[in-house]
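Could you build all of it, start to finish, from the sequences and the hints given here?
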Amino acid sequence: MKKMRKIIKYVIADILRNKIVIAYTLLLLAISFTVFNLQDNNTKGLLSLMNIVLIIVPLICIIFSTIYVYNSTEFIELLVSQPLQRKHIWISLYSGMAIALTFSFFVGVGIPIIIYSFAPTGLILVGVGLMLTLIFVSIALLAAVYTRDKAKGIGIAVLLWLYFSLIFDGLVLFILFQFADYPLEKPMLVLSGLNPIDMGRILILLKMDVSALMGYTGAVFQSFFGTISGTVITIFVLMLWIFVPVGISLRKFKRKDL
Amino acid sequence: MIIANNVTKKFGKLVALNNVSATCNNGECIALIGPNGSGKTTLVKCILGMVVPDSGFITFNDKNILHDWLYREHIGYMPQIGRYPENMTIGQILNMMKDIRRTKHSDQFDEDLINAFKIPDLLGKRMRTLSGGTTQKVSASLAFLFNPDVLILDEPTAGLDPLASEILKEKIISEKKKGKLVIITSHILSELDDLVTQVIYMQDGNLLFHKSIDLLRKDTGEEKLSKAIATVMKSK
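Here the protein sequences line up with chains A and B, keeping their order. Position 214 of the first sequence, counting from 1, maps to 214 under this note's numbering, and the rest follow consecutively. Position 235 of the second sequence, counting from 1, maps to 235 under this note's numbering, and the rest follow consecutively.
For the record, the hints were derived by calculation from the structure and aren't laboratory data. Even for Gly, the Cβ is constructed at its ideal location relative to N, Cα and C. Accuracy of the hints is not assured; some may be wrong.
When the alpha-carbon atoms are kept at most 30 Å apart in a straight line, the in silico DSBU-like pairs for lysine-lysine are as follows [to be verified]:
1. B:Lys63 x A:Lys87
2. A:Lys252 x B:Lys63
3. A:Lys150 x A:Lys254
4. A:Lys152 x A:Lys256
5. B:Lys13 x B:Lys234
6. B:Lys171 x B:Lys224
7. A:Lys6 x B:Lys125
8. B:Lys10 x A:Lys256
9. B:Lys63 x A:Lys256
Label-pair ranges, simulated between beta-carbon atoms [as the list claims (entries may be wrong)]:
10. A:Asp257 x B:Lys178: 31 to 39 Å
11. B:Ile3 x A:Asn18: 37 to 45 Å
12. A:Arg17 x B:Asn6: 39 to 47 Å
13. A:Phe243 x B:Asp204: 41 to 49 Å
Some chain A residues near chain B, calculated using beta-carbon distances under 8 Å [as the list claims (entries may be wrong)]:
14. Lys6
15. Tyr10
16. Arg17
17. Glu74
18. Phe75
19. Glu77
20. Leu78
21. Val80
22. Ser81
23. Gln82
24. Pro83
25. Leu84
26. Gln85
27. Arg255
28. Asp257
29. Leu258
Pasting the structure below:
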């Protein structure tokens, strides 16, 4: 454990020297302040911010983390030949990236929201953003551990992001239209669990009380996500989205040749 | 001390190691020799646990290394191409390694090589700005820094200037005299003459022979290691 803390320390120190994370923080800060200053209605600002956050956070997190893992090949090689457990090295790498990126998200979006819109909706947006950060760093590890080639790995990361933010919604719409004659509200609930970005969006929208705009499906969502047990299940599923990819990548990494 | 048992490793179709068995004991200085791509580095990486064999196993002090990691406390490893985090300075790398490997019972660092290579003058330099030779010096210093019982040096003198490789050679000899196990892979056979006691010759993933150097000299009738190996290669 003590050694893990040491490795995490070095990973974070390295990431903080990296200008991309600083640029990411400043970008988020700029977006947040612009959005809140453009509109005098903070709920509207929050809605615009949500749309931007749900696109940008997964994108930056997955691509940055994938590239970072590839760029740390040397660091990993150096550590693997030392008296350290591979499990600890990998988890430290994950924790280091996760801590650094959640920190910059918190500074970039969390602080403006606390200043402008300190309300449950705003806080849920911060929570969802933090969860998405952890999830997409985790997915990035999975993408990076399976491919030796850097270009291929980054390509897979971009495709995964595209899938979660665009293609998945397209597929859902396609299914909706094809099976329009059937009651699809319940299956939609399950289906949305397959995409953490969608789950995050639904959670935030429901807190904004705009679910009425979503018709009957919105009502079903409201009756599920609005309840305590629904929220607990949602958080549980999001947790799965964090731990499962890291777990799989860890199993792969333990047997990997370096 | 280190025993490899029928170690086999394949990379796709390429057989990097084919049923390799070897025993290495304390106080020996073993030269791992063979043409490019004969599996020397793979064998070394298997011993370090960086490559996991497909079959066979390796023991270190009679313990299987597969799920162990603490045994690496006893190994100093100098890679063929030292690759380090580019943004870190030499000083940071040294401090990090000391920090990670520091244990309760070993707070003593062997900084002979660091001083001999004049590394203290370069502490502020970032790893990406270093020349190949300087990187090798850092690798060598790290391998010896923790007073390990076993030294594994993969092409130690490639890229070092004559002065530096002489310093390194002397260091290896003095460590060998302390009864440590030294494993060296190298192509520059003339350098190994006054170092090694045993020779392991590998080709296409097979271990062809493991002999003491005296026996090899007697068998081939050659005094110089390079000529002896050349004789062996011709007769194959």
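Now the hints, each set against the structure:
Between Lys63 of chain B and Lys87 of chain A the CA atoms are separated by roughly 20 Å; this keeps the pair inside 30 Å, and the hint holds. Restraint check for Lys252 of chain A and Lys63 of chain B: satisfied, since their Cα atoms lie roughly 24 Å apart, inside the 30 Å limit. Our distance criterion of 30 Å between C-alpha atoms is met by Lys150 of chain A and Lys254 of chain A, whose separation comes to about 19 Å. Distance hint between Lys152 of chain A and Lys256 of chain A is fulfilled; the C-alpha atoms sit about 17 Å from each other, no more than 30 Å.
Only pairs whose Cα atoms come within 30 Å are accepted, and Lys13 of chain B paired with Lys234 of chain B is accepted, the gap being roughly 28 Å. Distance restraint check for Lys171 of chain B and Lys224 of chain B: the Cα-Cα separation of roughly 22 Å lies within the 30 Å cut-off, and the hinted pair is therefore satisfied. Note on Lys6 of chain A and Lys125 of chain B: the hinted pairing holds, with a Cα-Cα distance of about 22 Å set against a maximum of 30 Å. Our distance criterion of 30 Å between C-alpha atoms is met by Lys10 of chain B and Lys256 of chain A, whose separation comes to about 13 Å.
For the suggested pair Lys63 of chain B and Lys256 of chain A, the alpha carbons sit about 21 Å apart, so the restraint of at most 30 Å is met. In this structure the hint that Asp257 of chain A and Lys178 of chain B lie 31 to 39 Å apart at CB holds, the actual value being about 33 Å. In this structure, Ile3 of chain B and Asn18 of chain A meet the distance hint of 37 to 45 Å, their C-beta atoms being roughly 44 Å apart. With their beta carbons about 46 Å apart, Arg17 of chain A and Asn6 of chain B fall inside the hinted range of 39 to 47 Å.
Between Phe243 of chain A and Asp204 of chain B the beta carbon distance is about 44 Å. The supplied range of 41 to 49 Å therefore holds. About 6 Å separates the beta-carbon of Lys6 of chain A from the nearest beta-carbon of chain B, less than 8 Å, and the hint is met. For Tyr10 of chain A, the suggested interface contact is upheld, since its CB lies about 6 Å from the closest CB of chain B, less than 8 Å. Taking 8 Å as the C-beta contact cut-off toward chain B, the hint placing Arg17 of chain A at the interface holds, the least distance being around 6 Å.
The interface hint given for Glu74 of chain A holds, since its Cβ lies 4 Å from the closest Cβ of chain B, which is under the 8 Å cut-off. The restraint placing Phe75 of chain A at the interface with chain B holds, with a minimum CB-CB distance near 5 Å, inside the 8 Å limit. Annotation: Glu77 of chain A was flagged as interfacial toward chain B, and the flag holds, the nearest CB pair being 6 Å apart, inside 8 Å. With 8 Å as the threshold, the beta carbon of Leu78 of chain A comes within range of chain B, its nearest partner Cβ sitting at about 6 Å, so the hint holds.
Look at Val80 of chain A: its Cβ gets to within about 5 Å of chain B, closer than 8 Å, so that hint holds up. Below 8 Å, beta-carbon pairs count as interface contacts, and Ser81 of chain A has one with chain B at about 5 Å; its hint therefore holds. Interface restraint check: Gln82 of chain A against chain B, minimum CB-CB distance 6 Å, threshold 8 Å, status holds. The restraint placing Pro83 of chain A at the interface with chain B holds, with a minimum CB-CB distance near 4 Å, inside the 8 Å limit.
The beta carbon of Leu84 of chain A comes within 6 Å of a beta carbon in chain B, closer than 8 Å, and the hint placing it at the interface holds. Among the interface hints, the one on Gln85 of chain A holds; its C-beta lies about 5 Å from the nearest C-beta in chain B, closer than the 8 Å criterion. A hinted interface residue such as Arg255 of chain A counts as satisfied when its beta carbon comes closer than 8 Å to some beta carbon of chain B; here the least separation is about 5 Å, so the hint holds. Hint status for Asp257 of chain A relative to chain B: holds, with the closest Cβ pair at about 4 Å, below 8 Å.
The closest approach between the C-beta of Leu258 of chain A and any C-beta of chain B is roughly 5 Å, which is under the 8 Å cut-off, so the hint is satisfied.
Figure legend: structure checked against the earlier numbered hints; every hint is met.
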